[in-house]
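Peer 1: Mind docking chain P on chain A? Use the hints.
There are 2 protein chains.
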Amino acid sequence: MLPMLKRFLIGRPLKSTELGEQRLNKTKALAILSSDALSSVAYGPEQILIVLITVGMTAFWYSIPIAIGVLLLLTALILSYRQIIYAYPHGGGAYVVSKNNLGMLPGLIAGGSLLVDYVLTVAVSVSAGTDAITSAFPTLHGHNVGIAIAFVIFLTVLNLRGVTESASILAYPVYLFVLALFILIAVGLYNIATGEIPPTLHSPIGTPVAGISLFILLRAFASGSSALTGVEAISNAIPNFKDPSPVNASKTLMAMGGLLALLFSGIVYLAYYYGVIPSADVTVISQIAEMTFGRNYMYFFIQGTTALILILAANTGYSAFPLLAVNLAKDKFIPRMFLVRGDRLGYSNGIIILGIASILLIISFQAETEHLIPLYALGVFIPFTLSQTGMMLKWIRQKPKGWMPKFIINTIGAFISFIVSLIFFLTKFTQVWSILLFLPFIIWLFHRIRKHYEAVGDQLRLTTCEPSSPIEGNVIIVPVAGLTHVVENSLNYAKALSADQILAVYVSFERDDEKKFEEKWKKWQPDIRLVTLHSHYRSIINPLTKFVDTVEHKAKEANYQVTVIIPQFIPKKGWHNILHNQSSLLIRAFLLYRRNVVVTTVPYHLKK
Amino acid sequence: MLPMLKRFLIGRPLKSTELGEQRLNKTKALAILSSDALSSVAYGPEQILIVLITVGMTAFWYSIPIAIGVLLLLTALILSYRQIIYAYPHGGGAYVVSKNNLGMLPGLIAGGSLLVDYVLTVAVSVSAGTDAITSAFPTLHGHNVGIAIAFVIFLTVLNLRGVTESASILAYPVYLFVLALFILIAVGLYNIATGEIPPTLHSPIGTPVAGISLFILLRAFASGSSALTGVEAISNAIPNFKDPSPVNASKTLMAMGGLLALLFSGIVYLAYYYGVIPSADVTVISQIAEMTFGRNYMYFFIQGTTALILILAANTGYSAFPLLAVNLAKDKFIPRMFLVRGDRLGYSNGIIILGIASILLIISFQAETEHLIPLYALGVFIPFTLSQTGMMLKWIRQKPKGWMPKFIINTIGAFISFIVSLIFFLTKFTQVWSILLFLPFIIWLFHRIRKHYEAVGDQLRLTTCEPSSPIEGNVIIVPVAGLTHVVENSLNYAKALSADQILAVYVSFERDDEKKFEEKWKKWQPDIRLVTLHSHYRSIINPLTKFVDTVEHKAKEANYQVTVIIPQFIPKKGWHNILHNQSSLLIRAFLLYRRNVVVTTVPYHLKK
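In order, the protein sequences belong to chains A and P. With the numbering used here applied, the first sequence corresponds to residues 198 to 805, in that order. With the numbering used here applied, the second sequence corresponds to residues 198 to 805, in that order.
Bound conformation, chain A alone:
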């Protein structure tokens, strides 16, 4: 049943040698890796207006200079990341770059931030996409959480199938979204040029605004920079590109930067000229689309592709999170299971954990994105800052030919990212303070895990010359519950092992029972010694463990090994197991984990 369902959802297993085929060409990579960044224009411009409206509608003209600032920031980031792609063709992004150039702690800060940020990517994007859908179809309001969770499950299954197959499905919506926004911007600009949109809707640039302050402008700028989340995705995923991967990745990055700049400027300008007021019910893009086309098929086309790209933006998280987890797991900071490739060659554990974490986040925030976006953006700009700073040090240390322009580019990138991070802390502290608790905690956890792996490695390595103690003999303990074929089977096995001593142990709950059993036993197995233990509290494990302890203590002195042989009958059908008390399983787990005895299970397979 379950394996069949798995095959149906995920597809046939792939051989390890099929890995090469899973790589991405540029067109598919642009779709798969830039949906996060491109979809940000669906909420970035709106975030600027949400801050400015606190002063008044006349302040909306400030969105134009703020947008120019965001575009400068974008240019700096794109150029900086282009250099990272060539310097680190094996990918890894902020974690690897920071670790290699700045040291372990900055690397872990970047890695920890990003790990959580990818969960936020999924939660924020899917929730925003769901909002877009419920905006267009108000009857669906109130089902946001359910819809969002369904999308996360859908994406998780898609990614478990493998990255190329996902890309084929995901490419169309991304390109349709770009097309839709280009049409919207073009028609919007045409309407403005022909004067169909009256210029009275907006306040002219330079209008004096009462109550505006540098604090508010910085806050609006920081909010607007949330449109840049996701630009780092490509630099993290270079190994997913077809060869030559750095060249292809770099070209894809530039294409993405260009598209993002065009769409962002277009939407900000239209929103400003149309005088759009941000509202809790209708998104800014929805308002622009409605004012441009009315509620006709073009409106639904734009809303539909916006919703789709937002939901698929979450997919960037699915590409990036498992790869980052692999890098962290290779360095032993997170559990080794993230290194295992699943049936379809994707890092299944990372994909599944990401899905679960996002669903939990969606449930606890009830699919409301407003409170998550600042944390999300900050979680991106901290690693931005660290990786650019790392690049600066790299250039200074290595000083390759023509390093000076590269150094300047990364310095600008680092400086701006740092300033943006600082602005977030200063202007949105109430929404981002939790990162100050979370980052130290996760870094402490990273170190605990690493310490454990190192301790285990030390103890297992043969070079640590702790001599293995020789085994001089074997004492066998067989817990028995009755005179049955199962017990007979186990006793035969014990005899065949030519042990030095075999002890059968019977735990009785009632005194009368003991003597009867001992008599029967003497007749049945006269040559195997039976020990009877009485249990006051109707527990088998407690008296048995005490007995095993006593035997082990004596055996140890003579370098004897104690083996507990557990007779277990295996029912023919799985559901039969609930009809039998699983004492043998409990005994095994208890002895193995708490005592230094070998536990042997002798199965007796029932035939009906």
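Treat the hints with care, since some could be wrong.
It does not matter which identical chain is used: a pair holds within one copy or between any two.
[What the hints assert, rightly or not] BS3-like mimics (lysine-lysine), calculated; alpha carbons at most 27 Å apart, straight line:
| id | residue 1 | residue 2 |
| --- | --- | --- |
| 1 | Lys527 | Lys712 |
| 2 | Lys804 | Lys743 |
| 3 | Lys805 | Lys770 |
| 4 | Lys692 | Lys751 |
| 5 | Lys769 | Lys805 |
| 6 | Lys751 | Lys805 |
| 7 | Lys692 | Lys720 |
| 8 | Lys692 | Lys753 |
| 9 | Lys717 | Lys527 |
Hints listed in this document are in silico derivations from the structure and should not be mistaken for laboratory results.
Peer 2: For chain P alone, coordinates are given in the frame of chain A:
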């Protein structure tokens, strides 16, 4: 953590020898076992009026003759059950009586009905009690399901602590409820006698009613007989009484019958005289109390004790369900786990399962009792009929001295119970049809389980002389993952077993890896043969299982036993386990359940 919480909630474990102390004296037994029956007066009279109101308020006078019919039914049942108590002093109630006298199938019909009925007892009583609370405090409306679930959890914990301790807590509310209703009835009758309540509120007995029919009267009678649910509880729980248990149980039964008759008659009469109209929001008792006392402290005392006894009525289910489950499990019709006494000597598994099932029922019916009561009452009257019929046959077969009056009493009981069951089917088919699907299903399940247990018993019994095949030798397979102390440890153990052949098996995912490993192995363990398997799909289990199959096939021909020795390192702390892929656990489970090999786990305990 968890064990401490368990100790706090449930108390210290009790020795098996402390069992005697857990028995009940008559006062406590009356409280614990009759709360179900007595609490039924909180909804029984109301059920009659709900049917009569469909004709009109003038029909309310029919509640008096109907109540007389219910009282006759009660008398017959009490007398019949009194005979059952003496005839079956070890308890068991309808299941045992029907099984012994009528045969297995009627026994199982009775047992199956009751098993489900006790779940309904808990669900209905707790929900009705919650209703009483939310009637008095309307602000709590809308939280019914949550409150009801909290009460079920509370009762479950109480019963896991053990039956006597529960009784001490439960005795007071039951007696307070009886006191409260007696005061209510007394003051009500006084008011009627002094003429404070005008006789104009009710229609005189004998008033002709348009539209009344036998169907409606029978329906009202059946509804009213739901006030008798719970009278069988005492006869099921005789072993819980102090010695001489049958005498004590019989006295308790008579006391309960008397109290029930008085309370039921009183409430029906007051409801009739006051002209109370049943309403969805306020219970009949609440209306009577309000009209008698106003909304003062006496009103809240009556509502409070009513709510308490209703919730505690659920406790009857907790006393009866585990005992019935023990009887069914002894006959191998339900899983053996119901036979195990927990730390506090209660049958914990029955208690826990009952709690979970009731919560599920409360959730799926949203704590609305109206639809459950008919099913609940029918589930009681089917076993009533069967056990009384069984008693009839018993008297006819055994013919003890003076059997004739006993036979007549049971015959009347059987006949009336049968008629009531029939009336339920005829007049409330839409609410009780599901029992016609459910009963055959559960009886089929009972037989499946019994068949399995019998098959297992046959196969395990030594008398079935299938000769155990001798073990001529031992082939040992050791799956190895690297050159470590863990593997060294396991190999030392394997060597100490003086096996005929030891095979180390290494599963590699990459071709390059294989040769390197083989070379290292030759240097390290030159005298143990290494087999290298290549896994295309990154699975360890598949190639390993195939290999084990091949070895087992060869070994079988020579009567050799195959043992798989799994090296496993045990981390020092529990949480460390999530940091290591649990391949050894998977391998063990897979081999043990699917193949006929002995699986030995050699632990290597890490020290840090």
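Peer 1: Please sort Lys751 with Lys805 into within, between, both or neither, judging by C-alpha distance up to 27 Å.
Peer 2: Between copies, since 25 Å is at most 27 Å while 42 Å is not.
Peer 1: As a check of your reading, is Lys692 near Lys720 (CA-CA no more than 27 Å) within one copy, between copies, both or neither?
Peer 2: The answer is within: 18 Å in one copy meets 27 Å, while 34 Å across copies does not.
Peer 1: Have a look at Lys717 and Lys527 and pick one of within, between, both or neither, based on CA distance no larger than 27 Å.
Peer 2: Answer is between: at 23 Å across copies they meet the 27 Å cutoff, but 59 Å inside does not.
Peer 1: Given a CA cutoff of 27 Å, do Lys804 and Lys743 count as a within-copy pair, a between-copy pair, both, or neither?
Peer 2: between (35 Å within a copy, 22 Å between copies)
Peer 1: With identical chains treated as interchangeable, where does the CA-CA distance between Lys692 and Lys753 reach 27 Å or less: within a copy, between copies, both, or neither?
Peer 2: Result: close both inside a copy and across copies, 22 Å intra and 18 Å inter.
Peer 1: Tell me, please, which holds for Lys769 and Lys805 at an alpha-carbon limit of 27 Å: within, between, both or neither?
Peer 2: Close inside one copy (6 Å), not across copies (41 Å); limit 27 Å.
Peer 1: State whether the alpha carbon distance between Lys527 and Lys712 is at most 27 Å within one copy, between copies, both, or neither.
Peer 2: For Lys527 and Lys712, only the inter-copy Cα distance (23 Å) is at most 27 Å; the intra-copy one is 60 Å.
Peer 1: Please sort Lys692 with Lys751 into within, between, both or neither, judging by C-alpha distance up to 27 Å.
Peer 2: both (21 Å within a copy, 22 Å between copies)
Peer 1: Could you place Lys805 and Lys770 in one of the four classes (within, between, both, neither) given a Cα distance threshold of 27 Å?
Peer 2: For Lys805 and Lys770, the Cα distance is within 27 Å only inside one copy (9 Å; across copies 41 Å).
Of the hints listed earlier, there is not a single one the structure fails to meet.
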